[in-house]
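Peer 1: One letter stands for each residue in the lines below.
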Amino acid sequence: MTRGYLVALVTTALAVAFAFPAGSSAAATLKVWFPQGEQLVSVDRPGSTAADAVAALLAGPTAAERKQGLRTYVPARTTLNDVTIVNGVARVDVSLQFVLGRDAQSLDARLAQLVHTVSGVEGARSVLLLVNGGTVYGMFPGIVTSRPITLKYLETPNVPASHTTAPPATAPVAGLLQAQQKLVSLGYLLPADADGKNGPQTQTAVLAFQKWEGLGRDGDLGPQTKAALATAEHPAPITKGPSGKRAELLLDRQVALAIEDNKVVRVIPVSTGKPSTPTPPGDFKVYAKIAKWWSTPFREWLLWAVPFNGGIAFHEFAEVPPYAASHGCARQFATTAHWLYDFAVVGMPVKVLSTSE
Amino acid sequence: MRLLTALALLAALALGTAASAAPPVPTITPGQLTVGVSLPSEGFEVGVAKGDQVTYAQGFDIDLARALAKRLGLTSVAFVQSPFGRLFSSGSKPWDVAIAQITITDQRRRTAEFTQPYLTVDQGVLATQTVKPIPRTLADLRALRICALTKSTGADVAKTVVAPTRPTRLIGNVPTLMLNLQTGRCQAVIYDAPTLGTLKARTPDRYGPFVGVIKTGEQYGVAMPKGSQALSAVDTAVGALVADGTVQRLQRKWLTTNLETLPTLK
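Residue numbers (my numbering), protein chains in the order written: chain U, 1 to 357; chain G, 1001 to 1266.
Any given hint might turn out to be false.
What the hints assert, rightly or not - Cβ-to-Cβ under 10 Å is the rule here; a few derived chain G residues that face chain U:
| no. | residue |
| --- | --- |
| 1 | 1039 |
| 2 | 1046 |
| 3 | 1047 |
| 4 | 1048 |
| 5 | 1073 |
| 6 | 1089 |
| 7 | 1090 |
| 8 | 1092 |
| 9 | 1118 |
| 10 | 1129 |
| 11 | 1183 |
| 12 | 1209 |
Stated by the list, open to error - Pairwise CB distance ranges, derived in the manner of DEER restraints:
| no. | chain 1 | residue 1 | chain 2 | residue 2 | range |
| --- | --- | --- | --- | --- | --- |
| 13 | U | 76 | G | 1242 | 56 to 66 Å |
| 14 | G | 1142 | U | 226 | 47 to 57 Å |
| 15 | U | 152 | G | 1167 | 49 to 59 Å |
Unchecked claim - In silico lysine-lysine, PhoX-like type, Cα no more than 25 Å apart, as pairs:
| no. | chain 1 | residue 1 | chain 2 | residue 2 |
| --- | --- | --- | --- | --- |
| 16 | G | 1200 | G | 1070 |
| 17 | U | 292 | G | 1226 |
| 18 | U | 240 | U | 285 |
| 19 | U | 67 | U | 351 |
| 20 | G | 1132 | U | 292 |
| 21 | U | 289 | U | 197 |
Because the hints were derived from the structure by calculation, they are not lab data.
The beta-carbon is built from N, C-alpha and C at its ideal position, and this holds for glycine as well.
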C-alpha cells in the first residue's frame, strides 16, 4: 500500500465520519445520472430510496449544473407513479411522457439515465420500465423494454468500433505542393502529408485554415482561400498560458489549437456542441485518454477520446459538419483524432473559449 | 321532462333516417372498432400494453386502423395485444379486425378472412456490421449464418430461395432477432423489407448494409375472424384508403420509402 493510498483512505474515513454523525440519518445521498457531452455523469442528491432517486432524476439538473453542460432527456412533464423493488428488480412506473418522441438518441439516453440512477439503490440490480402500469413495447429503438434491463447490458457495446475510412488519395494536382508547404509552415498540415495530392489530410488542413481565417468553410482550395493563404500568418494562441502542452478550443471558429510552449503546433477543425447542447466554456484538464470509449447513453463508439470535462471529450466521429453539431463534445475527423490523442497528456490544460476575437 | 323526451326521440328518429343510407357496421362494441395487434414492430406498431389492453400505440398500423374506423363511420378505436399467430388463427376473437403486417396466404385463408391487400412488400436482407465482403448475390448469402423470424415469410424464403449451407436460425420475436444481428450472432436477417429499412434508417450505426431485397410481392391484408358480418364493409373501406392515397401518405409518415433503390438479389 502506498502512502498516497493510505492518506486517501484516511480522508475518506474522515469524510464518512463527518457525513454520518452517530444517530443521524439526514445526510444520506444518492447519485443521479445526467448526460454531459456523450456520457452520463453523476450528481449527488439527498435521499436514500429508489423513489427519491427517480424523483430527483425527473426534476433534472440544477441551473448551475446545466451551465456545466449537464442536461436531461426525460421529458419535462413526466411524473412518477410508483417504484417497487422485488428480488432486485426495480419496477419503475412513470407517466406516458417518458416514452414519447421520435428521436432515437433522446429515447435511448433517457432510458440509460433511469437505469443508471436506479441501479444499486435499495439493492436494485435491474430496472423494469412500466408506463401507467403497462409494459413498453418497441418505443426505444434497439432496446427490448418488455424485460428488466441491467446497467451492464447498456454498458456493453453491441456494435463493432469502426474508424471512418477516408477516401483514397487522388492524383497529384499541379501547384498544390506549394500550398501544402505553406499550410505545413503555418501549422495546419503535417510535413509528411505535403504530397502534392488533394487527399483527406489536405482537405482537413484547408478547412482548419478557412475556419481560423473566417473564410467560407468548404475544405476546398479555391481562389479566395488561395489568396488568403498567400498572406496568412502563423496562428497564435488566444491566451497566454504555462509552457508545455495545452489546448484551446475556440467555439466561435470551431477549431482546436494544439499548443506547446505557447506556440500553435496544429490547428484542428472540430464540431462542438450544437445550440441546444452547447460546449461550456472554462478551464479544464485532460483527465484520461481512451482509445475506444463506448457511449452508454447514445450507444455508439467514441474513438481516440480525450475527455477533459466529465463526459465532454475530443474524439473521432463519422460526421464532422463545418458547424457546431455535437452533444457537447469536440468531434474530429479521422485525419486528426489519432494525432491529437498522441499529442495529449493526462493533466494537459484545455481552455474552452466562446470568443476568440 | 315529457317534452324533452319527445324532442330526444325526434332527434333520434332524424339521426336514424340520416344514417339509414349506410347501416352501421356490426362491431363487437357498437360504435367502436376493436383492432388486434402484435406489438412491437418498428414503424408499424409500438406502444404500451397492460396485459392485452393496449393503452398507447403509434405507427403505420395504428394510423391505418384509425383511418379505417373513420371511413366505417365508427367513433372510437381500441387496440388489443395478441401473439402474432393468433391474429389469423381459427376461432372467435376479441377484436373486429387484425392489422399487423399479415401477409395474405392460402393457408391463412383457411382460418381467417382477409380484405383486399393494402400494401405489397418484398423480403429484405440486412447484414451485420462485421460481414466482409458484403454479400451481393443469393450465392454470397448461402455461406452466411442466416436468421429469420419463426413461421414468417422470411423463414420460408431463407429455406427455399437462399438455402444456406448452415441451417437458418429461427428466432421467436423481432427484437431478439435484431439483437442477434447487432451482435453478429446472425450475419444476415431476412425479414419484411419495410421493417428492416425503417430499423436501419432510425439507428444506422447498429447494423451493417441493407444488402437488397428478394422479390416475393407478398401482400398485407386486414385479417378478420371467419364469418365476420363486417367483412364486406371493411373490405370496401380498405380499398378506399388505398385509392384515396391514405395508405401512401401513412407509408411516407412512418416507413422508409426508398426501398425501390435497393438491388434485387439473384
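Peer 1: Tell me, in ascending order, the numbers of any earlier hints that this structure violates.
Peer 2: Hints 5, 6, 7, 8, 9, 12, 13, 15, 16, 17 and 21 not satisfied by this model.
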